[in-house]
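Sequences are here, hints too, so could you generate the full structure?
Residues per chain are reported as follows:
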Amino acid sequence: MSRHRLIQVFCLVAATLCLAGAVRLTEPINRQRDELQLTYNPDTGHAIPADIALAQAALGSFRGLAVDFLWQRAKQMKQDGQYREANQLSRWICNLQPRFEGVWVFHAWNMAYNISVATHTPEERWDWVNKGVRLLRGEAIDANPNSVVLQKELAWIFFHKFGGMSDDMHWYYRRRLASEWQAVLGSTEGRTAEQIIQRMQDLVDAPDSPEVLFRHEDAARVAEKITSLGYELDGSLLRELGRIWMFAGSIDAEFYGFNIEQVSQMIDLRIYQVMRDKENHAGLAKVAAFLRKRVLLDQYNMDPAEMLRLMEKFGPMDWRHPAAHSAYWAQQGIQAAGRLRDDSRVDQINTDRLVILSMQQLFDTGRISYDPVSGRLSLLPDTRFFDAYEKALGFASDRAIGTDRGDRTLANYQGGHENFLLKATMYQYLYGDEQEARAIYEQARGLYGNDDDYDDRKYQVTLTEHVRRELGELGDLFATRSQFIDMLLRRAFLEGLTKSQPDIFNKFLQLANEAHRSYQAKQVETPQAGQARQRMEDFPEMVVTVYMTIMQDPALPLLTKGRIWRATDPRLLYRVYEPLQEALYRQIRQETEAGRSSFDPQRLFPRPPGIEQKQTDQSPSVSPEFGETPGTIQRQ
Amino acid sequence: MLTKSIFKWLISWLLLLTVSLGGSWLLALQGLEGIGQIVMVVGLVAAYLMFTAGTFAQCQSRWVLWGVVYLGIGVTTGAIGYSFNISNASTAALASLATGIFLRAICVFRAYETLPQWRWSAVGLITTVDIVGFCWRCLVIGYISTGYALGGVWAMVLAFLVGLRLIRFVLAPGRPLLGIARTLVDEAVRMRIALVFIVVIMLLVPVMPYLNDPRELLKYRIGAFLSWSMWVTAIALSLMTIFLACGTICSEMRDRQIYLTLSKPVGRWQYLMGKWVGIMLLNMLLLAVAGGGVYTFSRMMQQMRENDPADRSAILDEVLVARVSILPSMPDGMTLEDMIARRFRNIRDQRPDRTPQKWTENQIVEARTRELNAWHTVGRNGRQTYVFHGLSEAKETANTVQLRLKTAANIRPDSQKVYFNMRVNGKPYPVNELVIDVVHTLPIDTHLIDDRGQLEIVISNDFEGSGGPLDQETDISFTPDEGFQLLYRYGGFGPNLARSMVVLWFQLGFLAIVGLVAGTCLGFPVASLLTLVIYIAAVTSGYLDESISAYAAVYGEDKMLWDQLMGYPKSLWMNIKDMKLWEAAKVLIRLAGELITALVPSFSHYNPIPLVADGRVVEPSLVGKAALMIGVVWTGVIGFVGQFIFRQRELASVTA
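Chains as they are written, first to last, in this note's numbering: chain A, 1 to 636; chain B, 1001 to 1656.
Among these hints, one or two may not hold up.
[Unchecked claim] Residues of chain A clear of chain B, computed beta-carbon distances all greater than 12 Å:
| hint | residue |
| --- | --- |
| 1 | G21 |
| 2 | R31 |
| 3 | S61 |
| 4 | A86 |
| 5 | K131 |
| 6 | N146 |
| 7 | R174 |
| 8 | D202 |
| 9 | G338 |
| 10 | R445 |
| 11 | P579 |
| 12 | D600 |
| 13 | R607 |
[Stated by the list, open to error] To give an idea of the chain B side of the interface with chain A (calculated C-beta under 7 Å), a few residues:
| hint | residue |
| --- | --- |
| 14 | L1217 |
| 15 | L1442 |
| 16 | T1446 |
[As the list claims (entries may be wrong)] Covered, in the sense of this in silico footprint (three residues per stretch, anywhere, with C-beta under 8 Å from a C-beta of chain B), are these stretches of chain A:
| hint | region |
| --- | --- |
| 17 | 77-84 |
| 18 | 114-124 |
In case anyone wonders, no lab produced these hints; they're calculated from the structure. The beta-carbon is built from N, C-alpha and C at its ideal position, and this holds for glycine as well.
This is the structure we're talking about:
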């Protein structure tokens, strides 16, 4: 064998050995990459959709050029104020580099924050904000299920864009979100915390597939009836059912003189007929639970079990509220961070903070009252989330201890906590639970009153004085002012009417009216659209809303409601009698069946005198006269 | 007579049919519908094949044979489709029907083998009937987009075929130039690469309307469709033109067909011109077909469900329309010239000793810029008035006109937003916050236009010291021209689209002549590459200009032409003097880039696509300029030079 041949053979053998070695090493290296989370593992997440994978493969090394071109076009068109392709271009750019989190975040942010504010109708703005949300919640998180940053950004959009007031059309976003989620999950109004959580439990327990659903005879029968009308068992059917439930349950529809047949252009009356049949009710509930579960999983990328866990942890959050969504996605981010091997690069503190802030927002505005007919939306304090805030703070503090910036973070948390406690003191005081308010005030005093760094003179005053000071610091912001008015009205009804004390009633009503008038007067000084949209509803409407909310509150004893009813001005009763009658009578029936009380509905909530005359007037519009002037009740 | 063999065959056939159908039915009764379906499909196909084979064995008439095949395919695919349909497998049913249509079209094609002059007509006619039925079926069972898209594809194909016949008819007279043009048209249909681009257009234009996310606002969907469909048309036709123009001459030279042609009484200029005319007629037909498709589908999209009433209104006022933009005038009859004169007067009054006798052109340009900027700036607690004239027609024909604004702030707020109050003809107009450096479009109701057709817009920046979030301490300015203009309806969408197609046609004419000339002196790969490079440079000329300008700074860029030209040596010298050699090299590179871009026409200056997609008018003046500059000057010069080169070229030499 010649020398050259020998060298060739040697090289061939060496190459073969190297190749064999490389093959042997490939498997452990890949395993290690997976374990160290250095690469994306399709087994633990969603694979790229076939069309996207095909496009990527077809473009090959030209993918970078294609992405560059699309970026250039997107940027140029944005500069020129052309947004027709922005959504499509964003999706293409993201889908060509689906594991690059920053790109998803940039485009979602761009649509939700930059493009949206360049448009000038609420519908169009909502459309862009929603596109940003959909991009993150759908494809982005699908492609990167373990990404903390994506979930945190999504939570932030819900918290800040929907829940905050930086955008002057935030009120419209909240209304649309409430409408969308009321159609999907229904309303929580008039339900206890246990009932709300139970309803989510029903969703978790609902069948996963139509085959399992059809094993229930009544569900199969209803499903067959509905599908024979040309519907599929999907999201559009759920939204149709949801719309009908919304309109059927609308209180304002009564005010406007609508009935369900009159809104037939907006709903499918054939489905309505199926829903009206009492025989179908049990089956319909199962079908609706199944549809809700599928829609949450398939369209919203949300897991009902996780939603339930969150509600069990923090309280009966209303999914029509943006803070419920921000809490959900921030919590998902925290869980994703927990799965990460190296979480040093993750912005965990801000993710934790988002959960705390969401709870605070729910405390401030978590009690929703939404009516689809008039579009009326009230976001009022929900004191049930006081404990939720404390819990969220506790979890976040535990995680912050021992981290690099733990001390600074804890100090920040404490600052926020103190402010929260002081505000909670005021809310509890104004909502009538003075004892609870005092306890919170004492808690704040105990925790922060002796801290040298703080101005603890605020802890040297009485509870009443403290609340007065806090009220004085209320700004002219829409949300705080409307909460303030809501509190005063509640106090007027609960203390004034319950105890038949017209002085107290008139005092609080007067205060509320003045607060409303001064706010509205400031809003019309400058004819500016942003402010115009922050105008409150008229004062009489606010009075009616608060009255309705109180009278529908299942936690308020029937006797108390009866006392309020007796003391209420007949003009207000004319407005609320029809819509409230069913809810009140239902509560009486439930309590009688449960053996807790036994009232005669006619005696407890008598028909207002002269209502027949009022009804024959058939005035469909809301009467403007009530509540304009305080001092309208007489001792009875 | 029914012979024994035929009888046997018939019995076997019936048996097969009965077994497959009966078996399928029995399986379905047992709940095994899927397997039953497969058994039935296999049985029917086998029965059909058996029937066809039997017919072929017994019958010699080609019409009968193909008739049986045709009917057999129809019945079999129809039966399979029907069975899928009753099993709610609509997609499979449609696939079966589509397969049937395709196979039947082949049958007709084969049947007419002996009558080639009627072949395509027969295929077209019969397949049209099939396709119409298929589309109708799609619409009935809810496959709306499939039905319309397929119908659109077929309609465009038919229009193309009819147009092709028309072109052949027009080119029928026996003149050399027309003959060459006609040969080219035939060649284009035969040439696969050209056919690929034609098919791309005919497939994509009807399908595109249904590719957009249906949750998207309809105005965006229509705008995107217009933009992408026209881009696809323009690019596909440009590529087709390049490859066809280069390919036709190069292949004739390579295959020596050109000897035959030019040995006849045909001048070389006639040869080149004939090729060019052929390509131009083909392009005209394809642009007409594609334009018809774009028009029809955008009108169909207009009927789709909109997201909200504002969306519907925007389609009619901002997208499917031809809008013109106008700039504001100053109030009280003031003009910019008056302002400049006043400015010079003030300078003269304040510093008479240092004021020149005559203002230079550069000083006048600078003064104009300053005055324009000052007028477009609303100072703190100040106000400015802008008047738009000539809106009487818009008042009658449209619901809204659109005010386009691009704002800037001298003290940039943290929120990146500015506020102002606006009055339109004396009435307050609510304006939300405006993000700076972004174009905003505000719709203004046409009923606010006064009887003289005027809109007076007063903008006041009076939020300083207002307290709260609206307190702002900045001047607000608008970018002159594009940052403060009014758009209003000028004409309809159809004529606008037609004008844009005409502009594209001129561009294709230029590419055709470049390709032909390149083909006369270069081989196909080099010729097509060269033409492609010229095309890319022409299309991206706007982007290239911008990039080159940003690449290296040169003195005198905003000055008059002569100063601009002198800026290069000056910049070069200054950089060399300061030993900034790389900067000096960049100046040279920029100069080279400028020269190259000057050697190709700027398609981006005559690009009608963004205008149509944005609902902006493609003005007749733009069509005229495109015709003159691209159609006459560039095409004419290249054609003349090319003809000169071609005439000098020795195509064949006598060798010993």
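- Item | Hints violated by the structure (numbers, ascending) | 4, 5, 16
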